[in-house]
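Same order as they appear, the protein sequences are chains R and D. Under this note's numbering, the letters of the first sequence match residues 1 to 115, in that order. Under this note's numbering, the letters of the second sequence match residues 116 to 229, in that order.
Careful: at least some of the hints might be erroneous.
30 angstroms max Cα-Cα, derived DSSO-like pairs, lysine-lysine [said to hold, decoys possible]:
| hint | chain 1 | residue 1 | chain 2 | residue 2 |
| --- | --- | --- | --- | --- |
| 1 | D | Lys-221 | R | Lys-64 |
| 2 | D | Lys-221 | R | Lys-20 |
| 3 | R | Lys-55 | R | Lys-14 |
| 4 | R | Lys-41 | D | Lys-186 |
| 5 | R | Lys-20 | R | Lys-41 |
| 6 | R | Lys-41 | D | Lys-183 |
| 7 | D | Lys-224 | R | Lys-41 |
| 8 | D | Lys-221 | R | Lys-41 |
| 9 | R | Lys-66 | D | Lys-221 |
| 10 | R | Lys-41 | D | Lys-171 |
| 11 | D | Lys-221 | R | Lys-55 |
Quick caveat, the hints were computed from the structure, so don't treat them as lab data.
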Amino acid sequence: GAVVSQHPSWVICKSGTSVKIECRSLDFQATTMFWYRQFPKQSLMLMATSNEGSKATYEQGVEKDKFLINHASLTLSTLTVTSAHPEDSSFYICSASRPPGAGQYFGPGTRLTVT
Amino acid sequence: DQQVKQNSPSLSVQEGRISILNCDYTNSMFDYFLWYKKYPAEGPTFLISISSIKDKNEDGRFTVFLNKSAKHLSLHIVPSQPGDSAVYFCAASSDGGSQGNLIFGKGTKLSVKP
Numbered sequence: 001g002a003v004v005s006q007h008p009s010w011v012i013c014k015s016g017t018s019v020k021i022e023c024r025s026l027d028f029q030a031t032t033m034f035w036y037r038q039f040p041k042q043s044l045m046l047m048a049t050s051n052e053g054s055k056a057t058y059e060q061g062v063e064k065d066k067f068l069i070n071h072a073s074l075t076l077s078t079l080t081v082t083s084a085h086p087e088d089s090s091f092y093i094c095s096a097s098r099p100p101g102a103g104q105y106f107g108p109g110t111r112l113t114v115t
Numbered sequence: 116d117q118q119v120k121q122n123s124p125s126l127s128v129q130e131g132r133i134s135i136l137n138c139d140y141t142n143s144m145f146d147y148f149l150w151y152k153k154y155p156a157e158g159p160t161f162l163i164s165i166s167s168i169k170d171k172n173e174d175g176r177f178t179v180f181l182n183k184s185a186k187h188l189s190l191h192i193v194p195s196q197p198g199d200s201a202v203y204f205c206a207a208s209s210d211g212g213s214q215g216n217l218i219f220g221k222g223t224k225l226s227v228k229p
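All chains, full assembly: derive it from the sequences and hints.
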């Protein structure tokens, strides 16, 4: 079946630095990818929709200058957390769209800890 | 305001018995509902879905029931197995489940005891 991978699976960084997370669709082309964030004991919250070759669409309350999304190819989307702060520590998950009515394929997630 | 609610944070069931996970929603524009299973430190995996034009969808041990008038859906797992122990998320969309925004509930942690 289709697989979506994320790299890295976990990362620890210092406050003020930037971190890049990659999301790849391994055996299919994804024109649309999604980035979610999950805080402990909370639901997955959509951060942005990433469309290949165009600008990402951000959800309300998500800072587009802080969370930079690039979807340069049909198999790769990247999320860069710029000037990370401890409150950005979270579990970041990407997903790729499936045929209509079939939900989304999710990546395994990236645990970000900002110290 | 939460549009998708899973009011039970946890559920414990004996192996072989039925697990019933519940989900309520408030947005009448939702037309597609999905259940995802998630293990710790992993991304969610798609389990089963249902369109708003149906009231039941079955796939092996998993059955999803939809009651539109009550804005309620449930996931039945029978018989439950220890490997079913995970967090189950209910999600809804208003675009036929194709590409758009999935609204997730907070999840219910299912523990199936041998």
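Hint by hint, work out which the structure violates, then give me just those numbers in ascending order.
none
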